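Asker: Spelled out from the first residue to the last, the chains are:
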Amino acid sequence: AQSVSQHNHHVILSEAASLELGCNYSYGGTVNLFWYVQYPGQHLQLLLKYFSGDPLVKGIKGFEAEFIKSKFSFNLRKPSVQWSDTAEYFCAVNAQGGGFKTIFGAGTRLFVKA
Amino acid sequence: GAVVSQHPSWVICKSGTSVKIECRSLDFQATTMFWYRQFPKQSLMLMATSNEGSKATYEQGVEKDKFLINHASLTLSTLTVTSAHPEDSSFYICSASRASNNEQYFGPGTRLTVT
Numbered sequence: 001a002q003s004v005s006q007h008n009h010h011v012i013l014s015e016a017a018s019l020e021l022g023c024n025y026s027y028g029g030t031v032n033l034f035w036y037v038q039y040p041g042q043h044l045q046l047l048l049k050y051f052s053g054d055p056l057v058k059g060i061k062g063f064e065a066e067f068i069k070s071k072f073s074f075n076l077r078k079p080s081v082q083w084s085d086t087a088e089y090f091c092a093v094n095a096q097g098g099g100f101k102t103i104f105g106a107g108t109r110l111f112v113k114a
Numbered sequence: 001g002a003v004v005s006q007h008p009s010w011v012i013c014k015s016g017t018s019v020k021i022e023c024r025s026l027d028f029q030a031t032t033m034f035w036y037r038q039f040p041k042q043s044l045m046l047m048a049t050s051n052e053g054s055k056a057t058y059e060q061g062v063e064k065d066k067f068l069i070n071h072a073s074l075t076l077s078t079l080t081v082t083s084a085h086p087e088d089s090s091f092y093i094c095s096a097s098r099a100s101n102n103e104q105y106f107g108p109g110t111r112l113t114v115t
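Line by line, the protein sequences are chains A and B. The first sequence begins at 1 in this note's numbering and counts up one residue at a time. The second sequence begins at 1 in this note's numbering and counts up one residue at a time.
Bear in mind the hints are in silico, worked out from the structure with no lab data behind them. These numbers come from a predicted model, not from an experiment. Check before you lean on any hint, since a few could be wrong.
Just a few of them, taken from the derived set where beta-carbon distance is under 10 angstroms, the chain B residues facing chain A [unchecked claim]:
| # | residue |
| --- | --- |
| 1 | His7 |
| 2 | Thr57 |
| 3 | Thr113 |
| 4 | Thr115 |
Restricting the straight-line Cα-Cα distance to at most 30 angstroms, the calculated cross-link-like pairs of lysine-lysine (DSS-like) are [stated by the list, open to error]:
| # | chain 1 | residue 1 | chain 2 | residue 2 |
| --- | --- | --- | --- | --- |
| 5 | A | Lys61 | B | Lys66 |
| 6 | B | Lys66 | A | Lys58 |
| 7 | A | Lys58 | A | Lys69 |
| 8 | B | Lys66 | A | Lys49 |
For each residue, glycine too, the CB sits at the ideal point set by N, CA and C.
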């Protein structure tokens, strides 16, 4: 069975600090990987996704993530966070050919201090 | 494109009554729709997966007789919470995907409060 683990439940950063949120998954086959963001009071939005190809994926708002197959990881990064990045971030995985059933991590709540 | 709507956005009902939540894909045909439940400060928990014209597949621990899912068309899926109890109070989110890609598009969610 698939599972997704996010290492940090809460992260507090000052503006301009760099961000890295960890995500590891458990699945033996080929996967599709996603990061979603949920801003306060809003619904989930896709930040970026990886299906195949270049393991370094660039998403919206300056976010990027790197798929490291050997480590079963898909960490999210941003070089310099802004106050407006305060939100909850979810890593998600589904198995290629698995009917698009997507499993979400527990989420990481990021608070950026102005 | 790829907009998903939910109706209602917020509903309050009395214990023992049933509530229907609609999920619509507004500008695309959704071959598959998903229903999630999100408790406060927790992640999304997949409840069921539904494909148009067939019975929904429920996740382990989700009562299919309590949470009735109907996916009657390629743009509409409904979730009916039958005989609702206060513990059913939660945020219910649907998502939809189309056959052409493997991406899910999320609705804004429906907050259900059972008194």
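Asker: Does each hint fit the structure? Answer for all of them.
Answerer: A quick look at each hint next to the structure:
1. His7: violated, 14 angstroms
2. Thr57: holds, 8 angstroms
3. Thr113: Constraint on Thr113 (chain B) not satisfied, violated at 17 angstroms.
4. Thr115: Result: violated, 23 angstroms to nearest chain A Cβ.
5. A:Lys61 x B:Lys66: violated, 40 angstroms
6. B:Lys66 x A:Lys58: Since the Cα atoms of Lys66 (chain B) and Lys58 (chain A) sit roughly 41 angstroms apart, the hinted pair is violated (cutoff 30 angstroms).
7. A:Lys58 x A:Lys69: Holds, because 17 angstroms separates the two Cα atoms, which is no more than 30 angstroms.
8. B:Lys66 x A:Lys49: Outside the cut-off at roughly 34 angstroms; violated.
Of the numbered hints stated above, those contradicted by the structure are hints 1, 3, 4, 5, 6, 8, listed in ascending order.
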